[in-house]
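Asks: Work from the hints to combine the two standalone chains into their complex.
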Amino acid sequence: MADVIKKATRESYGEALKELAEEYKDLVVLDADLAAATKTGIFKKAYPDRFFDCGIAEANMMGVAAGLATAGKIPFASTFAMFAAGRAFEIVRNSIGYPHLNVKIGATHAGISVGEDGATHQCNEDIALMRTIPGMTIINPCDDVEAKAAVRAALDFNGPVYMRFGRLAVPVINDAASYKFELGKGVTMKDGKDVTIVATGLMVNEALEAAKTLEAEGISARVVNIHTIKPLDKELICKCAKETGLIVTAEEHSIIGGLGSAVAEAVTECCPVKVVKIGVNDEFGHSGPAVELLKEFGLSAENIAKTVKEAVKNK
Amino acid sequence: MDAATKKKLQQIACKVRMGVIEGTYNAKSGHPGGSLSISDTLTYLYFNKMNVDPSKAEDPDRDRLVLSKGHTAPALYSVLAQKGYFSTEELKSLRHIGALLQGHPCIHIPGVDMSSGSLGQGISAAAGMALAGKINNKSYKVYAILGDGEIEEGQVWEAAMFSAHYKLDNLVAIVDNNGLQIDGPITEVCSPEPITDKFAAFGWHVITMDAHDFDSIDAAFAEAAKVTGKPVAIIQKSVKGKGVSFMENQVGWHGTAPNKEQYEQAMSELNAQLKELED
Chain A
15 MADVIKKATR ESYGEALKEL AEEYKDLVVL DADLAAATKT GIFKKAYPDR
65 FFDCGIAEAN MMGVAAGLAT AGKIPFASTF AMFAAGRAFE IVRNSIGYPH
115 LNVKIGATHA GISVGEDGAT HQCNEDIALM RTIPGMTIIN PCDDVEAKAA
165 VRAALDFNGP VYMRFGRLAV PVINDAASYK FELGKGVTMK DGKDVTIVAT
215 GLMVNEALEA AKTLEAEGIS ARVVNIHTIK PLDKELICKC AKETGLIVTA
265 EEHSIIGGLG SAVAEAVTEC CPVKVVKIGV NDEFGHSGPA VELLKEFGLS
315 AENIAKTVKE AVKNK
Chain V
1215 MDAATKKKLQ QIACKVRMGV IEGTYNAKSG HPGGSLSISD TLTYLYFNKM
1265 NVDPSKAEDP DRDRLVLSKG HTAPALYSVL AQKGYFSTEE LKSLRHIGAL
1315 LQGHPCIHIP GVDMSSGSLG QGISAAAGMA LAGKINNKSY KVYAILGDGE
1365 IEEGQVWEAA MFSAHYKLDN LVAIVDNNGL QIDGPITEVC SPEPITDKFA
1415 AFGWHVITMD AHDFDSIDAA FAEAAKVTGK PVAIIQKSVK GKGVSFMENQ
1465 VGWHGTAPNK EQYEQAMSEL NAQLKELED
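If you read the sequences in order, they're chains A and V.
For the first sequence, the numbering used here assigns the number 15 to the initial residue and increments by one for each residue that follows.
For the second sequence, the numbering used here assigns the number 1215 to the initial residue and increments by one for each residue that follows.
Chain V extracted, bound-state conformation (with noise of 0.2 Å):
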């Protein structure tokens, strides 16, 4: 990836960033942790991967995603509003009642390919998606973003299956392993791990990157849309809460809103890092 391109996705990642401080601030709730681990990956996939256009929102031939771990919305809703589906503005009003941008991503809103957030469901869906792209002869790409906890889900190796058998190979699942979940460390809750063996003896073709590394993320991606016959699992390694240093790696951040001094100091290191990034 050159200079340019790098750069440019960065500062887009920053401003994601803080619209997920903005709307969890304001919601007074949600989850932002697991929003900002993917942040850069996200911003990577609408800014620099994604066939998408909010002007053609619901264009069949488009590539779709499924945030199937759906309480980190915010940082979905976040890229959506930089790319152009509705205003930053509405990042303001997360949560509240009355409001376009539900606690976890919902259909109905411009950009938000299925309705999602009750663990395991979401990938389900995506393979649904990449099936009608088979049948219908699509090119379109479906992505669907899980946790390393969601993966805990029993649905979710029903999927596995079902894509590995139907050959899937226009499927993208992430899986973003930040090691936590809501009470601890995943290897000591119920350990999903090892991930990677799981997905490739389950047929995918496995890859692992840095999620928070755009020349990483963008060789993870240009291997995954090489390969034929079978779905692909990019396992990023990521930062639960990164970019907002008192956030990174504490799972207490899981779900926790800042409070108006968290909320100042988040945003003056976000500020601080897009400056940096703007000079």
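One chain only, chain A, in its complex shape (with noise of 0.2 Å):
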């Protein structure tokens, strides 16, 4: 068996923005004095015209991306999520939001993987905050070739995106050559009908590995794969639930807002199934090994077999 390749999904992001400057000219990048840690900075290398480092200032960032927009650039606003969603946030719902604007969001070192620098730069609420704001398109890829996607994706659509890219390097799991991203629709990884694993990022590939666990156990597990939080492919959820009568979600957020919740309401209005979350439970992340942070908050292929099993028991 070949080695597994792994990537980190933040650099995806800055390889994809160099890789689609010539095709779309309008396409500039914003960053807020991180251009090394969200990996602009490989954009900034090849169009340092292009680039405009706002300096530590996310704010105004957001608003000069809203500005630029107005005007037909296509600017890419990046940051760490926690400064993206968290302190942006109401100039990204009334400068970015409410006038619609086609800005995109790049934020990085999302969720618990961000790993040693512990709490206070680990946001578990960027995907909850961002899908209360109308209009707002949330993507989440699980791997490289999909995050390189994402953003070509993020170019051809005409509205506020925000796309979520993480610090640690996680296993390339599609196939670049093979592989289509269609935005807000959902992905069958595998089959199964027992029970739906609704995972998005880098849970996917945790979840995959769970089926394989559990299929050998006898319980026949479907992994699907959410890259676009909203707007949520509310057709396949439904289907699933109907499908295999049970749900278990999987991110590497907090199960509050987040994908679980928007899950738990499709099939509230569709076809009401149970609902196990797999998330940040309500608390705050702590420093650590990225890697053994995932473990301890239970984002681990190892916690999904067990929620599962458990969840199967109890159908």
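Don't read these hints as lab results, they were simulated from the structure.
Backbone N, C-alpha and C define an ideal beta-carbon position, used for all residues, glycine too.
All the pointers check out, no bait thrown in.
For the chain A half of the interface with chain V, some residues (derived, Cβ under 7 Å), not all of them:
(1) A71
(2) A73
(3) G81
(4) L82
(5) K87
(6) I105
(7) P113
Replies: Next comes the structure, spelled out in structure tokens:
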């Protein structure tokens, strides 16, 4: 078996911006003194005239992005999720969301896998915050291939898009040659009949690993990758609810307001089945190596398998 | 400025003020005080300065204006109506359900270049528009109007730093220095003074003007047009409630609509001013 290639989606973000710059002449990149970390530095090196550092001033950066968009530019406002969705929330809502401007927000270092920096920088609330803004599209890619495709999809879409990328290198699970990204469409990664694991971001790979374990123990788990959290592929979610009768969600985000909440909201309307949520519970994170933190907070294949087994037993 | 132009602008400004009173009276809410203090400046910009045309509202080469102090939308709407972006009749349904004219500026209203109203944000958007002008080699100017209370918002100074750093000499920020904010005089609430020194320290070219004297306004914008390499801040000394005797310099008229009696008195005063200008 070939070695698993690992790559952080923030790296994919920076590379995609550079790769797409020639094709999309209006693409410009903003950052708030984090170009080395968000990887927009890759773009900056190649296109210094189209890169604008806003300094440590995220509120202004979002406003500048809005102004650029009114004049036809396609700005990618880039910073950590904590500051993009957290600190600048109201600017994103009022200056980007309300006028529905064509601004792309590249939010890196999302979730608990920020690691050692600890709770202040581990944003587990961004999906919840962004979901409440009318007209906001939210994409949370699971690997390098999907992240790059998401950047292109965001460019082809006219309207505000929040893209969520990670710091931690994660396995590349999609095949670049055959992969097709469809905004707003979930992807069934593995079929199954007893339960559907609906996962997003780095939890998609964990869900696939969990499904293998479960298969060996006689549980047939379907795995659905939801890269676009808003608009949510309700049709697919409801189909899974009807066909498998049980859903377990998995996300590197608070269980309040994220994918789990979105899925639960959808199935209560179309096909009420039990939805068990795996995510960060109602608590702050803390410092530690990312991989250990993911395990500690239950964001692992082991915990998904354990949770699914219990849920299936009580089905 | 020649006498005929000046008189014409004074007449339009008077009609703009009537629109402010008409709008806030019919809305039974809104912000007349700060709308009246910027009426002359807005009139000057839309009728004597900016390259704008209601028949080409989306022209990429047009000048732009962001009303960062968005609560004074009645003045912007009134001047846009006078300019012909929409009928003055629309002012009567300001803030009503289903109306075109929202309580604060909305980008989907003809002539409005940016949604605004949450204070401190418009200046950043204006900086973004100015930056786009630089990137695209356009010669348009961007004007942003801020309140003197509004500049207490930290984002204003982020934008000030950014605009100077990127040498946005196509950006002119006008600070409406009427000295009053909701809770009282700005110097008593949480003073943003010295305003001119602050903008100068942030690397802006600073000009002061009398907001109710078209010669002073004309001189200020003529000076602003000559500045290169840095953004321009025009600190305009103004009177909150200007033009309506009982509203002038009264903090209570920040966000209160006139009742029927007050409406009639205000309109009668403004009609008298207009008549005098037309004689």
